[in-house]
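S.K.: Sequence:
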Amino acid sequence: MSISARLSIAWESSPKPDEKTSTMVLSTPSERFVDVRPLLTPRGDFPFEWAFAGSARLLAPDGSQIEFSHDFFDSEYIRRWCECRKLELAGQTVQYPLKSDIPKDIGHFETLQDGTRRETGAMHNAASGKVEQYEERWVTLDPWKTTPQHKVQAGSTVAAESRLFDVKNGGEGRFVRVGNWAQGVFWNKDNLDTPISVLRVFFDGHWNPVLQHGDCSMFPVGENPAVGATISRGPVTWEVLE
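So for the sequence shown, full-length UniProt numbering puts the first residue at 1; every next one is plus one.
Warning: the hint list may mix true and false statements.
[Stated by the list, open to error] Heads up, simulated DSS-like pairs for lysine-lysine below, C-alpha to C-alpha not over 25 Å straight-line: (1) K168 - K189; (2) K189 - K104; (3) K151 - K20.
[Said to hold, decoys possible] Using C-beta positions, here's what the derived DEER-type ranges look like: (4) Q133 - D62: 21 to 27 Å; (5) T120 - D142: 24 to 30 Å; (6) T120 - L89: 39 to 45 Å; (7) H206 - S30: 27 to 33 Å; (8) T111 - E88: 43 to 49 Å; (9) N224 - H124: 54 to 60 Å.
Rather than coming from a laboratory, the hints here were simulated on the basis of the structure. We treat Cβ as the ideally placed atom computed from N, Cα and C, and that holds for glycine.
Throw the hints in and build the complete structure from the sequences for me.
M.R.: Right under this line is the structure:
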């Protein structure tokens, strides 16, 4: 399990490294993750560069090449789906996006001397509307010592308890806890205006929200049941998978 934070990203069309988000990725031992990228300067009704969840698969034994799939949950897909649904309700003929069309991303990783990681690859750049080459810098955080005010880089090995909850009934979503941190994403298909809820919380004696968007009452914050258990929050049922 791990917590990663993005330090910067540079694009083919904008090669100067920059970071306009507070991106954090929480991953479980089976490499299932929740990746949330809130904008530092929010704009519009969805103040995120991206919010998604999926799984990672090693393509190289040393971890230098990883495939990321996010057809499990993808904010870009959900927002397009909701726009199609609105048009359909207004009487128009639409063609819904397909989850099978959500591309997988392949990142090539290199560990630098300072312990941070450089990722290179190609993916869709929302700013240009094109698939472009990119370079990202990432740091692995200590899940116990990192606070909302201070990032602490993890040592070579840091043991931390984790939990993974996936929605079983009542929508689609995932909630992951690693150490003192947890974050989740949820899709309410009955809400076309604010379909996506996002929550990031930190434990300092109590679970306190660091980031929240939409209705976050369904997330199983503070729960620590055994694998295989289910938890209900209103109309939403979660299952503990890890």
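S.K.: Honestly, do Q133 and D62 meet the 21 to 27 Å range at C-beta?
M.R.: holds (22 Å)
S.K.: Does the hinted range 54 to 60 Å hold for N224 and H124 at CB?
M.R.: This hint is violated: roughly 37 Å between Cβ atoms.
S.K.: 27 to 33 Å was suggested as the range; check whether the CB atoms of H206 and S30 agree with it.
M.R.: holds (29 Å)
S.K.: Taking the beta carbons of T120 and D142, is their distance inside 24 to 30 Å?
M.R.: Check passed, 26 Å falls within 24 to 30 Å.
S.K.: Falls inside 43 to 49 Å, the C-beta gap from T111 to E88?
M.R.: holds (48 Å)
S.K.: Taking the CB of T120 and the CB of L89, does the distance hold inside 39 to 45 Å?
M.R.: holds (42 Å)
S.K.: Given the proposed pairing of K189 with K104, does the C-alpha separation stay at or below 25 Å?
M.R.: Given pair K189, K104 holds - Cα atoms ~24 Å apart, limit 25 Å.
S.K.: If you draw a straight line from the CA of K151 to the CA of K20, is it 25 Å or shorter?
M.R.: holds (17 Å)
S.K.: Does K189 lie within 25 Å of K168 when you go C-alpha to C-alpha?
M.R.: Distance ~14 Å between K168 and K189 Cα, so the pair holds.
Comparing the model with each earlier hint shows a violation of hint 9 alone; every other hint is respected.
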